[in-house]
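Line by line, the protein sequences give chains A and B. Quick note: the first sequence, position 741, residue 741 per the numbering used here, numbers continuous. Quick note: the second sequence, position 14, residue 1014 per the numbering used here, numbers continuous.
These are computed hints drawn from the structure, not numbers from a lab. All residues carry an ideal CB built from backbone N, CA and C; glycine is no exception. Honestly, I wouldn't trust all of these hints.
Claimed, not checked - Simulated crosslink set (EDC-like; lysine to aspartate or glutamate; CA at most 20 Å straight-line):
id, chain 1, residue 1, chain 2, residue 2
1, B, Lys1122, A, Asp670
2, A, Lys280, A, Glu325
3, B, Lys1122, A, Glu626
4, A, Lys578, A, Glu378
5, B, Lys1125, A, Asp670
6, B, Lys1092, A, Asp345
7, B, Lys1125, A, Asp203
8, B, Lys1125, A, Glu378
9, A, Lys275, A, Glu245
Unchecked claim - With beta-carbon atoms standing in for the labels, derived distance ranges:
id, chain 1, residue 1, chain 2, residue 2, range
10, A, Asn538, B, Tyr1128, 50 to 60 Å
11, A, Ala278, B, Arg1033, 50 to 60 Å
12, A, Pro309, B, Ser1117, 38 to 48 Å
13, A, Gly521, B, Ser1117, 38 to 48 Å
14, A, Met185, B, Met1075, 28 to 38 Å
15, B, His1096, A, Asn666, 35 to 45 Å
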Amino acid sequence: MGLGHLASRALLRSSRLGASKPSHHLLRRTVVSTPELHNSEAAAAEAQPEPDLPKRTPVAGARVHFPNPDDAIEVFVDGYPVKIPKGMTVLQACEVAGVDIPRFCYHDRLSIAGNCRMCLVEVEKSPKPVASCAMPALPGMKIKTDTPIAKKAREGVMEFLLMNHPLDCPICDQGGECDLQDQSMAFGSDRGRFTETKRSVVDKNLGPLVKTVMTRCIQCTRCVRFATEIAGVQDLGVLGRGSGEEIGTYVENLMTSELSGNVIDICPVGALTSKPFAFKARNWELKGTESIDVSDAVGSNIRIDSRGPEVMRILPRLNEDINEEWISDKTRFFYDGLKRQRLNDPMIRGADGRFKTVSWRDALAVVAEVIHQVKPEEIVGVAGKLSDAESMMALKDFLNKMGSNNIWCEGNGPNPNADLRSGYIMNTSISGLEKADAFLLVGTQPRVEAAMVNARIRKTVRATNAKVGYVGPSADFNYDHEHLGTGPEALTELAEGRHPFYSTLSNAKNPVIIIGAGIFGRDDKDAILAVTEKIAKNINAVRPDWNGLNVLLLNAAQAASLDLGLVPESEKSIESAKFVYLMGADDENVDKLPEDAFVVYQGHHGDKGVYRANVILPASAFSEKEGTYANTEGCAQTTVPAVPTVGDARDDWKIIRALSEVAGVNLPYDSLGAIRARIGTVAPNLLQVEEREPAVFSSVSLRPDVKGTIGKAPFGSVVENFYMTDAISRASKIMAQCSALLLKK
Amino acid sequence: MASSVKYLRVPPNSGSLEEARRRVFEFFKTACRSIPTIMEIYVLDDVVSPSQLRSTIASEIRKNAHVTNPKVIDMLLFKGTEELNLIVEHSKQRHHMLGQYVLGHNLIHDQGNNDTSDFLQKFYKGNYY
Ligand code: SF4
Ligand code: FES
């Protein structure tokens, strides 16, 4: 046994003793050069099974779930016995045993391709090393992962891969987080024998988001599988064979998927990288902050990578219950909007209609003076779609103290139902959608409203052949669906059982109805909800063990605002308002406001709301503050500040707290802890961070009967432009390019 | 420049409060006398007037009006002399002057009254506390 081999074993053992972080697996392998391996038989004979087997921890905390205890089989990985369910691959068995197998083409969430051969391991009695990712584990299999044969096989594969891989790591954006780089350090040989010229491949244009350097591609086909399986677009494919093999779009074509950014993450090399991030930073100089996305109501888990005061990029974070490991393109690329159009000083509009920078002291004094001059019922507050729960609580408390009860959150419509929590959240939970076998989408286009929810539905449709029925304007779907009609009359037919799709729904074991938040703005909203509830009752979608009546919200603030009871007292309050407090609300219709109304805009972007404002109070954006957001399934999560605030801006809740004091109606909290305690008395579920609290009652049995008839108007599409839905994405240059190039006209 | 500041010497310890007081006035006068030079070398004509600078100096000194210990006053005087030295020697750059004595000075006026709560005072100062 060679010295290097011994050293690697010693390293292995010592790292296992302190094995708290299995992710450092790469460090515990030493680079072994080949000479002693040429004599592999002798080395293999010497490598006796170790007598003492220290406990191993599964790779990355992998857990085994046995659907049926009888199906457990036992295999031996490096002499260490593990129990795994039948049907697992050799690679998965090794992961459970705590051995990380190098791989390029294998990915947990994609189908198995088995074409990179990096995962070769030795299996006793098999004549050749086997590709562990494609080989099912059989009972009693003896798998050897660190024998000379396995190592030599890896070295060989590595050498072949590097043969045609350019040596441009210094100018490659993947440098430092490249699987090929890491694995060639850990498993590769110390020299190559290749002297000819390398092949080169023409770069493809995939649009404004994904930059390609196709010479770097190692043909693992992860991106092709991702596009066809997860994103559901048949844009990418493999052309040619052998050394002529290329990844491309067949014809000159952009990749039009709302999930296209994820191919950047799954590409193991630098062939697909982020175009906006190209040459901007190295990954080791970035500070990662684990936070939450606010661009839609899904609340995808993200990591904000920042350098100094600048957000450099946004990456997904694993959360099986919400976004798995993907994020939508808007989430990933709208960050450059955080640098543009920012409000950084308090401003007052002068007599000439121009804004003048003033101090916080003066700005708050002016607002406090005006708010005392209007009648309480003429005060209106609107929370924007990006507001956190803390600031909405403060706004509601402040305006209530001023005597007004006209506070709402934009997007909730004039008369929201905030009484029953099950009436506005996704009761099945996002991951629960996978149990469904029939879907009815009412007035919602999940692909643009909540891309991650749509990916879940697609996953379910692919896995179980679930049927999807859709009521609404013609829309783009990336899975099979049946268009049942454009207006509410299709719902009436379904409720009465006259529609052909009704039998599909009623035969389903776990039917799911998803109502889009777009109907909240309709006059016949209650009637539509009632008829949907009738369908739910008829098809038995709401039972003690399954509540399949879902609402899909649009904005990050919506669920929390309804939890906190931000419901306007009167529907027409905006028309008679004299004092309007817009807390980041840009999409509220301010045209109906009386001419002499005084508008305060508190927010972080100079967007639509600013045009009508009299006073601007600059606030911090989601990447700069700590705030609680509840997503569409009612799961509360908090953002974490990643970068400092811009200019003289302040956190939202602090502004309102300060204003309340200047106005003489002190709010009784001056720390985040105290305001959260106050939230706890109103909506305790918002304090259960990262834990989804299901709604207790279902609305079907408790809702009083509604009067009113269903209108004739067909459902509209709520999200006109997927890439521009809020103040941040409207300020983003990348999103503007996307909407110019990728939106289907 | 160095020749013009020869007279800026650190004085020996003051024996009494009275002496320290006199020295402060002397220091103030020295500082005021160097204002024209300062205006010139940092090109401050279009942003500030000599009288404004004079009152800035005065208010910087008044900030420490409560100090009665001659030793502490000496120390503060030392720091003031040092600062003046640096300024006159052009060791600073224009934006230092603007930030510290032209713009920063206006902010000091902002925090006048003390009848507000702790929270509000911190709020006016900045977002982080
Ligand atoms: S572009 Fe990247 S992900 Fe796609 S096949 Fe090549 S190496 Fe694999
Ligand atoms: S990971 Fe097994 S062949 Fe690529």
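Each hint tested on the structure:
1. The hinted pair formed by Lys1122 of chain B and Asp670 of chain A meets the criterion: a straight-line CA distance of about 11 Å does not exceed 20 Å.
2. For the suggested pair Lys280 of chain A and Glu325 of chain A, the alpha carbons sit about 24 Å apart, so the restraint of at most 20 Å is broken.
3. Among the hinted pairs, Lys1122 of chain B with Glu626 of chain A is consistent with the structure: their alpha-carbon atoms are about 18 Å apart, no more than 20 Å.
4. Under the criterion of a C-alpha separation no larger than 20 Å, the hint pairing Lys578 of chain A with Glu378 of chain A is consistent with the structure, at around 5 Å.
5. Restraint check: the Cα-Cα separation between Lys1125 of chain B and Asp670 of chain A comes to about 15 Å, which is no more than 20 Å; the hinted pair holds.
6. Using a Cα cut-off of 20 Å, the hinted pair Lys1092 of chain B and Asp345 of chain A is violated, with the two alpha carbons roughly 28 Å apart.
7. Pair hint Lys1125 of chain B plus Asp203 of chain A does not hold up; C-alpha atoms about 52 Å apart against a cutoff of 20 Å.
8. A hinted pair counts as satisfied when its Cα atoms are at most 20 Å apart, and Lys1125 of chain B with Glu378 of chain A does not qualify at roughly 32 Å.
9. Taking the CA atoms of Lys275 of chain A and Glu245 of chain A, the gap is near 24 Å; set against the 20 Å cutoff, the hint is violated.
10. Here the CB-CB span from Asn538 of chain A to Tyr1128 of chain B is close to 56 Å, well matched to the stated 50 to 60 Å.
11. With their beta carbons about 57 Å apart, Ala278 of chain A and Arg1033 of chain B fall inside the hinted range of 50 to 60 Å.
12. Checking the proposed 38 to 48 Å range against Pro309 of chain A and Ser1117 of chain B shows it is violated: the Cβ atoms sit about 30 Å from each other.
13. Separation of Gly521 of chain A from Ser1117 of chain B is about 41 Å and conforms to the stated range, judged on CB atoms against 38 to 48 Å.
14. For Met185 of chain A and Met1075 of chain B, the Cβ-Cβ distance of about 58 Å falls outside the hinted range of 28 to 38 Å, so the restraint is violated.
15. Checking the proposed 35 to 45 Å range against His1096 of chain B and Asn666 of chain A shows it holds: the Cβ atoms sit about 40 Å from each other.
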